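Keeping their order, the protein sequence lines are chains A and B. If you count the first sequence from 1, position 109 lands on 109 in our numbering, and the numbers rise without skipping. If you count the second sequence from 1, position 203 lands on 203 in our numbering, and the numbers rise without skipping.
Derived by calculation from the structure, the hints in this document are not laboratory data. Small disclaimer: the values here were computed from a predicted structure and weren't measured. Any given hint might turn out to be false.
[Claimed, not checked] Subject to a maximum C-alpha distance of 35 Å in a straight line, what follows is the list of computed DSBU-like cross-link-like pairs (lysine-lysine):
1. B/Lys222 to B/Lys28
2. B/Lys28 to A/Lys9
3. A/Lys191 to B/Lys222
4. B/Lys154 to B/Lys28
5. B/Lys37 to B/Lys138
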Amino acid sequence: MSAHRPVLKVSGLTRLFGPGCDACLSSTGPEQETNRCVHCGTTVACADVSFDIGEGEVLGIVGESGSGKSTVAGCLAFDVPASAGEARLCTLPGANMFELDAAARRRLRAMEIGIVYQTPQQGLRLDVTAGGNVAERLLSADWRHVGQIRERAGNLLERTEIPRARMDEPPRIFSGGMRQRVQLAKALAHKPSLLILDEPTTGLDVSVQARILDLIQEIQREAGVATIVISHDLGVIRLLTERTLVMRLGRVVEAGLTDQILDDPQHPYTQLLVNSALT
Amino acid sequence: MRADALLDQVVDSAEPEYNFAFLDERTKRAIRRAALKGVAIPGHQVPFGSREMPIARGWGTGGLQLSLALIGPHDVFKAIDQGSDDSVNAVNIRHFVAAMSGVETVTATAEATIIQSRHRIPEETLRPDQVLVLQVPKPEPLSRIEPRVARSQKMHAEGDYASMWLSLYEGVALSGDISMGADYPAIVNGNYLMAPSPIPRWDMPKLHHAPFLTLFGAGREKRIYAVPPYTSVEPLEFSDYHFRVEEFPSPCQLCGATDTFLDEHVDPHGGGSTYSCSDTAYCAARREGSQA
Ligand SMILES: Nc1ncnc2c1ncn2[C@@H]1O[C@H](COP(=O)(O)OP(=O)(O)O)[C@@H](O)[C@H]1O
Ligand SMILES: [Mg+2]
Ligand SMILES: [Zn+2]
């Protein structure tokens with residue numbers, strides 16, 4: 001149980017890719033050893049995922065590639081519609097955010113949800129200036145004063161260690177690490193209530209990775225923002241998160257305090273994950 | 001053969017077969033229906049079944065179809081191209097409409113009931129009983145930032161114009177000011193983003209709460225839209241970087257006007273630039289008035 005004021009409550013989040021049938025859920029999951037329904041060919045990318053996050057809390061989602069982590073993130077950022085389930089954000093009391101109309105969803109996304117994607121192409125316009133990438137979120141939230149926009153964007157970029165002097169350059173000419181830091185600045189632009197980091201350092205050099213992880217930790221503490229960190233890297237999960245969900249084949253197989261899960265895994269899959277990470 | 005000779009031939013040989021104002025009544029009704037829908041949803045682009053016309057698409061067929069669908073025997077028609085009544089394009093359209101409908105044509109703006117124009121709004125303020133028909137090459141204001149039509153339509157439906165604002169921001173960040181010129185995007189009736197056709201920024205304020213109806217016709221893109229009378233048309237601007245109309249270094253060399261949109265004439269022999277009113281009828285009337 002979390003002692004923090006709850007920011008996000010997700011229950012029963014399910015996303016299917018395919019036509020779907022009555023047997024989809026019973027014929028998929030870790031016991032079935034597949035996330036693909038034998039009856040109709042649907043991929044059950046995630047099913048019945050439930051969790052809470054409190055203010056300032058960091059929740060990890062760990063699991064092998066294809067286990068449904070990005071789908072959970074994508075549903076919460078409205079990149080893909082959820083097939084079933086609920087998500088309630090404290091800033092929108094009483095409403096299931098999956099049931100909002102398109103305009104309200106876009107607004108909620110602009111105001112309350114920041115996301116850093118694994119690849120910068122997903123999260124940035126590489127040919128628009130770094131400042132413009134951050135500005136876009138402020139413009140979505142109806143900021144209309146260029147001076148104020150540039151002040152905020154410049155501060156955020158500086159905070160993520162992009163020199164202000166480079167804010168009018170496009171991320172296309174930036175290194176991989178810089179691009180991720182621009183994504184982070186963009187995600188934080190409008191002081192979101194929920195920050196989602198989907199494999200933010202995967203594919204970066206180890207030294208670059210370490211610096212970004214430090215930065216994430218600092219900023220997360222400063223901003224006190226509820227954060228979901230998605231990774232297949234247990235080191236990242238251990239470093240950043242307090243609680244963790246372990247996902248496999250679209251389902252949550254284990255959930256709890258990160259230290260407990262990593263030091264004393266209960267589920268055989270988690271044990272495998274932890275043991276293989278050690279060797 | 002010259003275009004007007006060709007036109008005469010068409011008119012002579014086919015006169016009995018053509019309906020009043022060229023288009024058949026069903027087609028006119030369909031166009032008027034699209035225009036009415038446009039009036040009901042200001043700034044929203046309404047698809048219509050654009051016809052083959054005896055001028056090439058891209059030369060004002062959208063505007064022409066609107067004019068022909070609206071015109072009645074008692075209308076008075078004026079056609080201008082970039083402010084001029086005398087350009088080949090304006091002359092052709094005027095002749096065609098006259099030949100096909102028999103209505104009177106004029107150059108004096110105040111005498112016209114329907115004014116078809118490319119790239120300009122007349123300098124004289126139009127009255128409620130006048131209709132302005134603008135020819136539109138590119139009706140979609142978002143096409144420069146979102147080429148996919150399904151996406152831009154969704155953006156309109158959701159009022160999601162952040163990427164348009166972003167392109168405005170980029171102009172300021174990179175060039176120090178808003179860098180958009182003609183066809184300056186504007187929000188109509190507090191709702192839809194609209195391309196006003198390539199009129200200069202100078203003409204934008206004339207659309208805002210105008211007493212007259214403006215109809216926009218894009219023949220190639222098969223779209224009609226409208227700004228009804230007394231409707232807000234607000235150019236995108238920041239609270240610290242404003243929409244501004246063009247400025248000119250000297251008055252009109254012909255009529256001395258300082259309050260009109262001027263065309264620049266560059267002396268090919270290096271003698272510098274001179275300026276004259278783009279609205280030639282307005283300029284001529286001012287000169288006549290000052291002589292009288
Ligand atoms: N757009 C899509 N269409 C079809 N299947 C998809 C799509 N996106 C993800 N999937 C499938 O859903 C499952 C979960 O994918 P994903 O959420 O990306 O996993 P992870 O982020 O854990 O690697 C995978 O089997 C993947 O192939
Ligand atoms: Mg993923
Ligand atoms: Zn199935």
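Right, here's what the structure says about each hint:
1. B/Lys222 to B/Lys28: Holds - the C-alpha atoms of B/Lys28 and B/Lys222 are around 14 Å apart, at most 35 Å.
2. B/Lys28 to A/Lys9: violated (57 Å)
3. A/Lys191 to B/Lys222: Given pair A/Lys191, B/Lys222 is violated - Cα atoms ~43 Å apart, limit 35 Å.
4. B/Lys154 to B/Lys28: holds (29 Å)
5. B/Lys37 to B/Lys138: Judged against 35 Å, a Cα distance of about 19 Å means the pair holds.
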